[in-house]
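Asks: Take a look at the letters that make up each chain.
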Amino acid sequence: MSATATEPILQVRNLSTCFKTDLGVVTAVDDVSFDLHAGETLGIVGESGCGKTVTSKSIMRLLPSHLSFQKPESQVLFGGQNLCTASEEEMRRVRGDKIAMIFQEPMTSLNPVFKIGWQLDEALRYHTDLDRAGRRARAVEMLRLVEMPEPERRVDEYPHQLSGGMRQRVMIAMALCCEPDILIADEPTTALDVTIQAQILDLMNGLKEKLDTAIVLITHDLGVVAQVCDRVMVMYAGRVIESAGVHEVFHSPRHPYTQALLESIPKSGAREHGKRLPTIPGIVPSLTELPHGCRFQDRCAYKEERCVESEPALETSGGRSHRCHFPLGGER
Amino acid sequence: MSEEIGPLQKFLRGRGMRKLRRDRMALAALSVIGLYLLIALSVMAGVLDNADVFDRVGPDNVAGFWGTQDGERRLDHHQLRIERVERAAKTTDPTKSLAEFRLGGLRASAGTPEEVLGRVEEAWRALDAVAAYDELDVSPEVGPLFEELDAKVAALYEEPAGFAGFVQSLRMSLGTDRQGRSILFRALYSTKVAVQIGVVASLISVLLGTLLGAAAGYFGGWVDHAVVWLYSTFSSIPWIVLLMVLAAMFRGGALDGTLIPVYAAFCMSFWISPCRVVRGEVMKLKELEYVQAASAIGFGRVRILLKHVVPNTAHLMFINFSLLFIGAIKAEVILSFLGLGVKNEPSWGVMINQAKAEVLNGFFWQIGTATALMVVLVLAFNILSDALQDAFDPKHV
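Chains A and B, in that order, are what the protein sequence lines are. Take 31 as the starting number for the first sequence in the numbering used here and just add one per residue. Take 4 as the starting number for the second sequence in the numbering used here and just add one per residue.
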């Protein structure tokens, strides 16, 4: 835990994001807090609909303002500023320049009518004072940094001339061209095939070390987490249910949900051959009809009366935290 | 090794253009449209002046093409030509009025007023000799007399040489209307009016509709409500009624008689269809990740809308432009036929309107010319739109 010695560059405190729906106000992200240190990779893990993407978009304030709002106690502290209360003008200076984001679907993440050089150029024009030649040189340099073959030629190509993996490289180049302090990657490898996934993850790991960027990696793929993350935050139905270093999560998960997620990773080897892959029964509860008590109770193998009576609080000890009345690996 | 080629060459060498070049119909349509544009541009450049379009060049309702006129018509024609020169020679200042004299581009031949009057006198005598016969087309003796008359009348005018002579031979080639004006030249002039109305009305409508539709689709909320309310309201008013109201509004004002009321009415009713289509497309586009990526880079909403979203609707703008261009030309003809559209200028609609009475008497030259020019243009445009669709549609192999 070397990173904890320094001051975190991003502190999220009690972040709650609500959506106005026809069924009333729904809290999609409920009381989420975490710290992010320079050069660290934080993985946010969870099933679909558990609030991973909403968390990241809340930090960037990219959610439609007429449909969503953040509860007043929410704080996203970055560079001495609370991004939850910053003006739109201030947010625009932060986005792209200080905090950048890459998206899941590389096929639609680039504008089809412009050359990729133009798209890189535009971000640079907006956030830097470089002249035309300087911006072009920087665009080529960024493409070379993300290991794009023949960058001088590729800057003059359109997105449809590139493969999915190459487009994701362009997206990463765009996100990193202003040297942001934080890169939020929302499922950056989900739409890519496995060999390209590994290349992109290696690339992100390498760039993190080169540029000292902190990464928030959102994924539902624990294999990806094991490969690149320093710390993991597991979310379930809008809540953080476990947060720990990557080694601890994989070797001694505290929350039954984390354990169930780990068990549902396919494993290789003769011992596993012929066995059914364990899955988690049931589905994530709808945010409009959350159960009383623990949110995971209906799917939990260790459910007891206390789980229905009250929702467990987030307990922190020894640099890791969990939200369970009966944590695993403890006295049971 | 990549060859250095510009974007235009890349476009011309692209798959779409190759397919288009193979399509004979499309090339024919393209050349027809090019010809119309050329005519419209040369009219704008002043090739046809007002005298060509508004002044009498011969007797009323002359049938078109050379040599199809009967004896009566030829006699009428000669009479008109003699009368005109005589009138010019008998004014208070005959030298000046003879110098300024024009009849459909023809000048009076040189000479003092006395000499001219002498020639007029001879021509009248030759005319009377012919007119003495009742059955001009049957009597065999009339032939040489007519030739005599032709020569006498020709002596009154300067024979135009070269290009002017060619223009002169075209002038009457499709006949004259009820006021003795050249049908061909009026129809050619109308091409300019049609193209002008088509381009201006559809360009403004497409730009207006795209901007409003894009804003409505992108911002949503009250902007969307306002735009949708606006186009629902406008689309419930028939454009002919709208035009009548506008014509009444502009009456007597500075803009009365110009094309402004026509443009205004067309734009007010034509912007709706691009607006609707673009609004739907933008609603789809704004959910795409590159739009979100653009906001994650920190761009403002207006910038994202104009620089990232609107360029992606360019294909809709092109399609709507070509549809509205044809629509505007047809609408202009209908309006002018009703007497609500173009005023103080010839247009195909105006010509068809004037031809109403003539058609009943079997005189088809005016209505035929105007209709044929319009049909050919609209048809060529339809064929070209079809071919463009075939050539540039990525789903079409």
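Just so you know, these hints were derived from the structure itself, not from any lab. For glycine and all other residues, C-beta sits at the position ideal for the given N, C-alpha and C. A few of these clues could be false.
[Stated by the list, open to error] Label-pair ranges, simulated between beta-carbon atoms: (1) A:K305 <-> B:G303: 52 to 58 Å; (2) B:G37 <-> A:G194: 53 to 59 Å; (3) A:Q191 <-> B:H318: 16 to 22 Å; (4) B:R24 <-> A:F99: 56 to 62 Å; (5) A:F99 <-> B:K333: 50 to 56 Å; (6) A:G236 <-> B:G303: 32 to 38 Å; (7) B:G303 <-> A:E341: 50 to 56 Å; (8) A:R123 <-> B:G256: 38 to 44 Å; (9) B:H318 <-> A:A163: 30 to 36 Å; (10) B:M28 <-> A:Q191: 30 to 36 Å.
[Claimed, not checked] Taking lysine to aspartate or glutamate pairs in the DMTMM-like style, the calculated list, with each CA pair at most 25 Å apart, reads: (11) B:K289 <-> A:D151; (12) A:K297 <-> A:E278; (13) B:K289 <-> A:E278; (14) B:K287 <-> A:D52.
Asks: What are the numbers of the hints the structure violates, in ascending order?
Replies: 2, 7, 8, 13
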